[in-house]
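Q: So you can see what is in the structure, the chains are spelled out below.
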Amino acid sequence: MTEWLQKTFTLSRYRRGFHLVTGEVEQQVPELGDFKVGIAQVFIHHTSASLTLNENADPTVRDDFESHFNAMVPEDAPYYRHTSEGSDDMPAHLKAALLGSSLMIPVSDGRFLVGAWQGIYLCEHRNHAFGRTITVTVSGQK
Amino acid sequence: MTEWLQKTFTLSRYRRGFHLVTGEVEQQVPELGDFKVGIAQVFIHHTSASLTLNENADPTVRDDFESHFNAMVPEDAPYYRHTSEGSDDMPAHLKAALLGSSLMIPVSDGRFLVGAWQGIYLCEHRNHAFGRTITVTVSGQK
Amino acid sequence: MTEWLQKTFTLSRYRRGFHLVTGEVEQQVPELGDFKVGIAQVFIHHTSASLTLNENADPTVRDDFESHFNAMVPEDAPYYRHTSEGSDDMPAHLKAALLGSSLMIPVSDGRFLVGAWQGIYLCEHRNHAFGRTITVTVSGQK
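Just so you know, the sequences run in chain order D, B and C. Going letter by letter, the first sequence gives residues 8 to 149 in this note's numbering. Going letter by letter, the second sequence gives residues 8 to 149 in this note's numbering. Going letter by letter, the third sequence gives residues 8 to 149 in this note's numbering.
Check each hint, because a few of them may be wrong.
Treat identical chains as interchangeable: a pair holds within one or across any two.
Capping the alpha-carbon separation at 27 angstroms, the derived lysine-lysine pairs in DSSO-like fashion look like this [as the list claims (entries may be wrong)]:
1) K43 with K149
2) K14 with K149
3) K43 with K14
I should point out that these hints are in silico values taken from the structure, not numbers from a laboratory.
Can you build the whole structure from these sequences, using the hints too?
A: Right, dumping it as structure tokens:
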């Protein structure tokens, strides 16, 4: 029988940049431990922050993500028209679209079935943000 | 009990650019209203158009998406070899890969559980396109 | 009744670049043929290789993907700090995040319900890599 779990919660507040939040997400859904096989979705309710899976060991990787996304999606590009909410706003929307608002993660034996080096990044693209709202939805067999 | 809904339909024809289509998608799947909890997938059957979730209020955000993606993925780059289908074709494939062909959206109480500012964008990357084919698949509990 | 299938396997080893692997993935999950309706996830366990759906016909499209991603995410950018694993390593992480580690594909009548031109790309971003680990998870009705 397939069962469902859905939980909405607020992450801690993070400064602009890329942050490893695997532990914080797992802590919110201890019920994941009951699923033998399934799929989990981690979804962010925002258009100026995003989620990705990437390298979980060396923190300079996250620094380089921030540097590269700032180079690839600059502030104050001459063609921006949506400028009323600050120089960091329109780039934040573009970065969020490039990285995505949803992570899909296979579940096996009560845990995220990911590679040894894969961790969940919260990608905070605004200079000043509150804690971001996340919904985790899991379907699977217990 | 988990139930499934799958519907394939054609969106209206849109000009090149980024377009808010939340309402048009919702209209095609009124059965979504019966799902108490679940996940919906919105999938596009094409390699030169894509889907993303982003800001649903100010239309200049969509204009800036078009400007920025044109700057980040230029036409007529000197290294393109796939040029026989027009200057807009290879950039369209690259933009589609960057944004993605699939949106995963949590479902709660009969509706898409998204943030207040999140809307579904059809990202049309070709100069001249027909209506794009979409499949919505929902699984969940009624 | 919703049933689940989950299989983890290793893809053939591919050189750096973009490779069409639809057939190789399908061959690993012949059980897909039993699902009348559902969703399949193809997930890669790595942070320096990724998956996308794109044009399956002209091989120069895949060449142009490699050229463009190399231009958009250069090696040896002056702001990279994570440089100890080689010039191709940090760009590989960034490319993987841009393209994503998970493909979600609707399933209908025992096959992937994709457009005529859509194929699964393995995006290999490292110069020297072993065969990559993939997990396919399918849920649906038989």
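Q: Please work out whether the CA atoms of K14 and K149 approach to 27 angstroms or closer within one copy, between two copies, in both situations, or in neither?
A: both (17 angstroms within a copy, 17 angstroms between copies)
Q: Please sort K43 with K149 into within, between, both or neither, judging by C-alpha distance up to 27 angstroms.
A: both (5 angstroms within a copy, 20 angstroms between copies)
Q: For the identical chains here, do K43 and K14 meet the 27 angstroms Cα criterion within one copy, between copies, both, or neither?
A: Answer is both: 19 angstroms inside a copy and 13 angstroms across each meet the 27 angstroms cutoff.
Comparing the model with each numbered hint stated earlier shows that all of them hold.
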